[in-house]
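Asker: As a plain string of letters, each chain reads:
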Amino acid sequence: MKLLSDVSIGRKLTFLTLVTSSLALFLSAAAFVTYEVVVFRESMVRGLSIRAQLVGASVAAPLTSGDARGAAEALAALASDPHVLAACVYRRNGAVLASFTPGGTSFPFPQLNGTRHEHAFSTESLDLYQPVMVGGQPAGTVFLRSDLKEMSSRLKRYALLGMGVFYVSLAASLVLAFRLQKVISKPILGLAQTAHSVSERRNYGVRAEPHGHDEIGILVEAFNEMLGQIQQRDAALQAARDELEQRVQERTRNLQMEIHERARAERELRRSELRFRSVAYSANDLIVSADTGGKILSWSRGGERIFGYSEEEVLGQELTVLMPERYHAAHRAGLARFLETYESRVIGRTLEMAGRRKDGSELPIELSIATWETEDGRFFSGIIRDITERKRAEEEVRKLNEELEERVHARTAELEAANRELAAFSYSVSHDLRAPLQTIDGFSQALLEDCGEQLDEAGRDYLRRVRAATQRMGQLIDDMLALSRVTRSELKREAVDLSEVARSVVEELWQRDRGRRVTFAIQPGVIAYGDAHLLRIVLQNLLGNAWKFTGKQPTARIEFGCRREGGRTQYHVKDDGAGFDMAYAHKLFGAFQRLHGANEFEGTGVGLATVQRIIHRHGGSVSAQGIPGGGATFTFTL
Amino acid sequence: MQGKTILLVEDNPDHEALTLRALRKSNIMNEIVVMHDGQEALDYLLMQGAHATRVTPQPTLILLDLKLPRVDGLEVLKRLKADARTRVIPVVILTSSKEEHDLVEGYSLGANSYIRKPVDFTQFAEAVRNLGLYWLVLNESPPRPAGGPA
Chain A
1 MKLLSDVSIG RKLTFLTLVT SSLALFLSAA AFVTYEVVVF RESMVRGLSI RAQLVGASVA
61 APLTSGDARG AAEALAALAS DPHVLAACVY RRNGAVLASF TPGGTSFPFP QLNGTRHEHA
121 FSTESLDLYQ PVMVGGQPAG TVFLRSDLKE MSSRLKRYAL LGMGVFYVSL AASLVLAFRL
181 QKVISKPILG LAQTAHSVSE RRNYGVRAEP HGHDEIGILV EAFNEMLGQI QQRDAALQAA
241 RDELEQRVQE RTRNLQMEIH ERARAERELR RSELRFRSVA YSANDLIVSA DTGGKILSWS
301 RGGERIFGYS EEEVLGQELT VLMPERYHAA HRAGLARFLE TYESRVIGRT LEMAGRRKDG
361 SELPIELSIA TWETEDGRFF SGIIRDITER KRAEEEVRKL NEELEERVHA RTAELEAANR
421 ELAAFSYSVS HDLRAPLQTI DGFSQALLED CGEQLDEAGR DYLRRVRAAT QRMGQLIDDM
481 LALSRVTRSE LKREAVDLSE VARSVVEELW QRDRGRRVTF AIQPGVIAYG DAHLLRIVLQ
541 NLLGNAWKFT GKQPTARIEF GCRREGGRTQ YHVKDDGAGF DMAYAHKLFG AFQRLHGANE
601 FEGTGVGLAT VQRIIHRHGG SVSAQGIPGG GATFTFTL
Chain B
1 MQGKTILLVE DNPDHEALTL RALRKSNIMN EIVVMHDGQE ALDYLLMQGA HATRVTPQPT
61 LILLDLKLPR VDGLEVLKRL KADARTRVIP VVILTSSKEE HDLVEGYSLG ANSYIRKPVD
121 FTQFAEAVRN LGLYWLVLNE SPPRPAGGPA
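Chains as they are written, first to last, in the working numbering: chain A, 1 to 638; chain B, 1 to 150.
Hints may contain errors.
Take a look, some chain B residues computed to stay more than 12 Å from chain A by CB distance [said to hold, decoys possible]:
#1 ASN12
#2 ARG21
#3 MET29
#4 MET47
#5 GLN48
#6 ALA52
#7 ARG54
#8 THR56
#9 LYS78
#10 ARG79
#11 SER108
#12 LEU109
Facing chain B, according to a computed beta carbon distance under 8 Å, are these residues of chain A, among others [to be verified]:
#13 HIS328
#14 SER430
#15 HIS431
#16 ARG434
#17 ALA435
#18 THR439
#19 GLY442
#20 GLN445
#21 ALA446
These are calculated hints, taken from the structure and not from any lab test.
Where is the CB? At the ideal position from N, CA and C, for every residue including glycine.
Using the sequences and the hints, build the whole thing.
Answerer: The structure is reproduced here in structure tokens:
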């Protein structure tokens, strides 16, 4: 049956029909032949029996008489029958009376005791024993052997007929089966084709062709209905899948973005961690982290340098191993308090304290602690710096400062003393040095007034010279004191209107000599930031000099003004007077240095020294430009 | 102008002579009492020590040099202005000094005027004369507690 499983249903049906009909034909043919054989053998026995009875009748007489010849002649009549192979007549005692064989061939007749009435078929012949009755008494037995050629020829004919009938009916049933199987197989094949195309193309829209109302029709209908349902489900499934697909795509996009973002963050994190790690690893400071139990979780290489502990030695140890005993209780209490209240006097600040090395020695450290919370819990991290060097440097700086302060103090005291001495000296100079001069001058005057007439002109001239020299000495003392005062007095800076100061100085100059023809050009609004009193002395000297050194010419022009140059304001006083040789310019600002003879222009040579000292005290500079006979220009900054 | 005395406090005898001469030259004929140091001047004016028994009236004008032995001029001025008996007497400061702080302190302590002793004695004599005239003639002193002649 397995052989058939891969064969198409049409062939199966055809095959089935053929097998069935062949079997039926074969069985009926077999029955027919069997019946024929049985019937034919009966008729053969009957016919041979009748012949034997006839032979018996003809041999009855010879037999009774024992006439062998008569018997033989009677037997010879059998020669007309081609089927008789042998015949004989037995006596009552079983002896053969006469025999017959076609052609007279010898034949081994069986022995017979008495008489027999029987027949037996062998494969090729039929033996028949027929008793010969004479007067109702058995007189002998006739034996006939007939061949079976008639039967076999008849069987051959039957076989041929049967074969012919078999083939014809087989052909007919083949044609019929071929036609009939289509009735069943066509709709099934259609169904199969539809199912195939559905499964192949996943097209649930096709339908099998409708059929009658037999089982196949019902099957087709059920199939179509099933397809309908499948189509419906498929559509729903498709919709669900589409939606799912969309959601998957959306989710995928989101995930990709997330993954991208996470990868970026991770890269960033890795970079930063690497950076941090390398910093932590190579830092001179100790970077240490601990859990809420105060147990050390990580330990940077700096720790080995500072505390002498290697990483293996301290991991898992309590932080207190890094502190002197006296801090232990406070540390534990502080930690416990922080874990309870999240308040700390230590976290987030930098403090200095003492640390303890592995060998038990103490060192000054700077400590800053931070705390952070992760999924795994709360942690603390600390940066600890060995500040031994800094402390030493600080101590040194402090000592140096102290020393310096002491020295400054001492020096200040010295200077103050010197200043006081100088002030006292100046004071006494201004009184004591002048007092004799006043006496000299006073008595010279008294002499001139009271006794002038007793002196000749030469004597009076001498006294006048004494007085002139005395007054000049007095002037020198005054100027020297002014110079020293400039040096000593405190500098009080304020905004000073130099234009206004210049105008008032010029006014004083006019008061001194009203006959002069001098043009003053004073730039208005020149403001300087300095000591008003000292700046007045500067302008008094510079304008006074200009006034003095233009004194020998009929007209003069004196200017005061300022201009910006190189970010600084430059003030200048310019005249068109006697001027000076630039070769001696360096001597101008020295005290008691004069470029002109006393008989030429009066003066003590202290004025410009005073000017320079004031300018220097203001942090500025002063310079002079001059041409002999072509005027002079004094320029200063503050 | 009779009966009005001038007290000159001056340690330098040369200056004393010259000052006196300048005053005379200016026709100031008042009696001039001279004290040679600060302490002496204070004793005189406050009638203490060697002058505890003085009965002469107080001077009408005091010419006070600043640089004096024992008690200096500014200290003298301060004590005079602190004492009711001498507070009203005009004081003119005489000094060789050009020190500004002397001048400022002198005025703040109640000095009425200031003459800088110039080396040129002519100028000085002129100034003394002007001052003497001003304080003796033009400027009326408050009435004396003793009720002396006006």
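Asker: Run every hint past the structure and note whether it holds.
Answerer: The hints, checked one at a time:
1. ASN12: violated, 6 Å
2. ARG21: violated, 6 Å
3. MET29: holds, 18 Å
4. MET47: holds, 29 Å
5. GLN48: For GLN48 of chain B, whose nearest Cβ neighbour in chain A is about 27 Å away, the distance exceeds 12 Å, so it holds.
6. ALA52: Nearest chain A Cβ is 31 Å from ALA52 of chain B, so the label holds.
7. ARG54: Label holds. Min Cβ-Cβ 29 Å, cutoff 12 Å.
8. THR56: THR56 of chain B clear of chain A: closest Cβ-Cβ about 29 Å, beyond 12 Å.
9. LYS78: holds, 18 Å
10. ARG79: Non-interface label stands for ARG79 of chain B: nearest chain A Cβ at 21 Å, farther than 12 Å.
11. SER108: At roughly 18 Å from the nearest Cβ of chain A, SER108 of chain B sits farther out than 12 Å, so the non-interface label holds.
12. LEU109: holds, 17 Å
13. HIS328: violated, 68 Å
14. SER430: holds, 5 Å
15. HIS431: holds, 4 Å
16. ARG434: holds, 4 Å
17. ALA435: holds, 6 Å
18. THR439: Given a least distance of 4 Å, the restraint on THR439 of chain A holds.
19. GLY442: Holds, about 4 Å.
20. GLN445: Holds, because the Cβ-Cβ distance from GLN445 of chain A to chain B comes to roughly 4 Å (cut-off 8 Å).
21. ALA446: holds, 6 Å
Hints 1, 2, 13 from the list above are not met by this structure, while the remaining hints are.
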